[in-house]
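S.K.: The chain contents come next:
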Amino acid sequence: MQPHSADFPARAADALTDPELRRALTKFKTGFPVNRARAVANLPEFEALRDAAKAVKDHTLSHLDHYLEAFEARVRDSGGHVHWARDAAEARSIILRLATERDARLIAKGKSMVSEEIGLNAALEAAGIKAVETDLGEYILQIRGEVPSHIVAPALHLSKEQVAADFRRTHTHLPPDRPLDQPTDLLAEARGELRDVFLNADIGITGANFLVAETGSTIIVTNEGNGDLTQTLPRCHIVLTGIEKVVPTLADATLMLRLLARSATGQEITAYTTFSTGPRRADDADGPREFHVVLLDNGRSALLGTEMQEVLRCIRCGACMNHCPVYHAVGGHAYGWVYPGPIGAALDPALIGVKEARHLPNASTFCGKCESVCPVKIPLPKIMHRWREVEFEKRLSPPSVRQGLWAWGLFAKRPRLYRLITSIAMRVMGLMGKEGSFKSLPLAGGWTDTRDFPAPQGRTFQSMYKDRRHG
Amino acid sequence: MPPANPPKVGLLVTCLVDLFRPSVGFAAVTLLERAGCQVTVPSQSCCGQPAWNNGDRATTEALARTMIQAFEGCDYVVAPSGSCSGMLHKHYPELFRDDPAWAARATALADRTWELTRFLTDIMGLDTAIPGFAGTVTYHDSCSGLREMGVKDQPRRLLASLPGVELTEMPGADVCCGFGGTFCVKYPDISTHMVTEKVEAIVATGADTLLAGDLGCLMNMAGRLSRLGHDIDVRHVAEVLAGDPDTAPIGRAEG
Ligand code: SF4
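Each protein sequence line maps, in turn, to chains L and A.
FYI, the numbering for the first sequence is 798 to 1268, going by the numbering used here.
FYI, the numbering for the second sequence is 11 to 265, going by the numbering used here.
Think of the hints as simulated: they come from the structure by calculation, not from any bench.
Bear in mind the structure is a predicted one, so any value in this text is a computation, not a measurement.
By construction, the Cβ of each residue, glycine as well, lies at the ideal position given by its N, Cα and C atoms.
Please note that a few of the clues may not be correct.
Said to hold, decoys possible - Listed below are the simulated DSS-like cross-link pairs for lysine-lysine, each with C-alpha atoms no more than 25 Å apart in a straight line:
(1) L:Lys1210 - L:Lys1191
(2) L:Lys1179 - A:Lys100
(3) L:Lys1191 - A:Lys196
(4) A:Lys18 - A:Lys100
(5) L:Lys1174 - A:Lys100
(6) A:Lys18 - L:Lys851
(7) L:Lys1191 - L:Lys1152
(8) L:Lys1210 - A:Lys100
(9) L:Lys1179 - A:Lys18
(10) L:Lys826 - A:Lys18
(11) L:Lys1152 - A:Lys196
(12) L:Lys1174 - L:Lys826
(13) L:Lys824 - L:Lys927
(14) A:Lys100 - A:Lys162
(15) L:Lys1263 - A:Lys18
(16) L:Lys1210 - L:Lys1263
(17) L:Lys851 - L:Lys1179
(18) L:Lys826 - L:Lys957
(19) L:Lys1152 - L:Lys1179
(20) L:Lys1174 - A:Lys162
(21) L:Lys1179 - A:Lys196
(22) L:Lys1174 - L:Lys851
(23) L:Lys1179 - L:Lys1191
(24) A:Lys196 - L:Lys1236
Unchecked claim - A few chain L residues that face chain A, going by a derived Cβ cut-off under 7 Å, partial list only:
(25) Ala809
(26) Pro1122
(27) Val1123
(28) Phe1189
(29) Ala1209
(30) Pro1212
(31) Gly1233
(32) Gly1243
(33) Tyr1262
Working from the sequences, and respecting the hints, build out all of it.
M.R.: Written as C-alpha cells, this is what we have:
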C-alpha cells in the first residue's frame, strides 16, 4: 500500500467534516471500550495477565533469532516450508513465485494486515491472479476499492446503507428487489458470494495472530470462520506474517489469546480460533496439501535492541485506537497507512520512514489512554516521543518549530533574563487584554481561530512573590 | 502520617501560572502553608516541556539541569500542575539515562516531586480545604495528572470538604480536552474537535464553574467555552481550595 501519511493534516481535516464518518465514529467510540471494560471487570487477574504477556514478549524479542529458527525447524518437521522476506518486495515476489509455480488463478484471502503492508493484492492483480478477501469487512472494502480504517474492524467507517448500495452495484446477478436492510441480509449475501471462492481457490492466504515456536503452529482468530475455510479448503495455504508474531510455547499463545479477544472486542474468546500445524497428514479429513509461511521483516528487526523495541510486543488488538481521542476524531484513513491510531504512530515511522510518517507521532496529546489499555503495556507515548526526537535530530521538523524552540530556549536557559522579559511582556499583554481575553492574536491563529485566548492577570508570579517578600 | 517538622517545599510555579495566572501560585502557597509546609520559590524559568514535546533533547537537558540545581535543596518539589510535575517526575530521569551523575540527581528530584492536590492530601494529610468559594462545580481530570501523577480522588476529596461547593461529575471527565501542549496549535482542527466535545459534556452538567488542576487544559477549555458563548466560570482547583472567591475567572475581566 502506498503511504499517504505525509498528508495527515489534510486527511484529518476531511475526516472531521465527513458526516457519514462522524456518525460511524460516534457509535464506535462507545462500543468496543464499553465491551472491553466489562470483559476486564469480569476477569480479576487481567492485570496479572498483562504483566505475564509483556514478560513473554520481552523474553521472545530478546531471543527472537532462536525462537524463529525453532519455529522454522518445527514447520519443516511437520512438512511445511518457511520463507524469509527482508522487505515488502521480497515478500511479494516469494508469494508471486509460489502462485505462478502452482498456476494459480484464484486466491482466497483471510484478513491480513501484513498483506496490506506489502500491497499484495495489487501485485497479484498485476500478475493476472484474482485475489478475493473473505473477511466481510475486507470484502466490502475490496469491492469499494478502499483500504481498512481499523486493524480489527476494517470497515467500521461505513454504514450498512453504504454497504447495501455497494452490494447492489456489484452483485448484479442477484434479484434487484432483494431485501438488504439488516446486517444479517448483508452477511448472508456475502457468504453466498464467497462460497464459490472458498471452493474454487487454488491458494488460501491468511495472516497469523501468533506463531508457536514449540510446535511450528500458526494461529488465526476470526469471528466469521472465513479464516478456517481459507486455510483448509484450497490445496495450498500460505501464511504471511511479521517476524514479531512468534511466541515460545502453546501455553504462551493461549495467554495471548485471552488478552487479545478481551482487549479487541471485549469477547472472552473469539468465535473461531484455529491452530494449524503443517499440511494435511495422510489420515486427516481435510486441510491443504501444501503449507508455507512467509516471515516478513520489513524494518522490524532494526528496532531490536533499541528503545523502540517495545513496539514489537504489539498483538494487533486495536484497543489503543478504540480508546484514542485523536482516532475517535479523525478515524483510521487520516493516518494514511496500514496501521492507524497510536500503534500506527509508534510503528509506521519504522516501516515507511520518519519523513513520510512524521505527523503521526506528533498528532498525539500524549494523554496516555492508549498505554493504559494496551494488553502488553507498550509505552506508546514514550515511543512516539522518541520518534519526535529522531525527527528533530534529522532536522525534519518544520523550520517554525525549530526556530521557535531556539529563540525560546535562548532566554529560558537564563532564569534572570527570562524573569525580566516575561514580566515586561505580561504587563503589556495584561494591559492590552483588559477585556479578559483576546479574540485574535498575531501568530496564534491556530488557537484564536476557534478559541478565545485568556489574557494574563498582568504581573508574573515570580515578580509579585519577590515584592511580597521584600515589601 | 504528615511529616513531623515543617518540610521545605520548593514551589514549581509552572510557566503558565507564572505568566498568566499568578493567583494560582498564591493559592498554592496558601494551601501548602496551611498544610504546615515552609514554602520557597527558587529562581526558575520553565521545566522544558515545549522542547521535550518537540524532540529537542539538548534544550530540554539544559533547562532540566537548571531546574534540578534550583530545587536540589528542597525536601519536596510541588507544582499546581500534573503535567509539569509529571515532566520532573517521569521524564527527567529518562532524559539523563545516558549520564549517570545527572541521572542520579534527576531521579532523586523525581522521587520528591508531587502534584499539589495529591501532595496536600496523601503526603501532608490535609483533609479540609479553606472555605470561601461557593458554587456548583465540575472537575476535569487532566491527562498527565491522572496517568502520570496518580491524581484522581485527591482534589475531589478536598472539594467535598467545602460546605458551599457541590461537585457534579461530567461523563468522560478523564477524556483529553485536546490541549496537549503544542498539539493544540500544530493540529488545531483536531484539537478544536476534541475541546468542543469536552465543552458539550461540561455544559450538560449544569455546573456554573469548571475546575481542573492544569492551567494549559483550563485555558483551552475556557477559550472554547467563551468563543461558543457559554457562561461558565473556569478556575484552577487550587484557587477554589484556597477559598479565593475574588479573582476573576480565567478569560474574564477583573471586577
Ligand atoms: S499497541 Fe497494544 S493496544 Fe495497540 S494494537 Fe498493539 S497490543 Fe493492542
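S.K.: Hints broken by the structure, by number, lowest first?
M.R.: 6, 9, 10, 13
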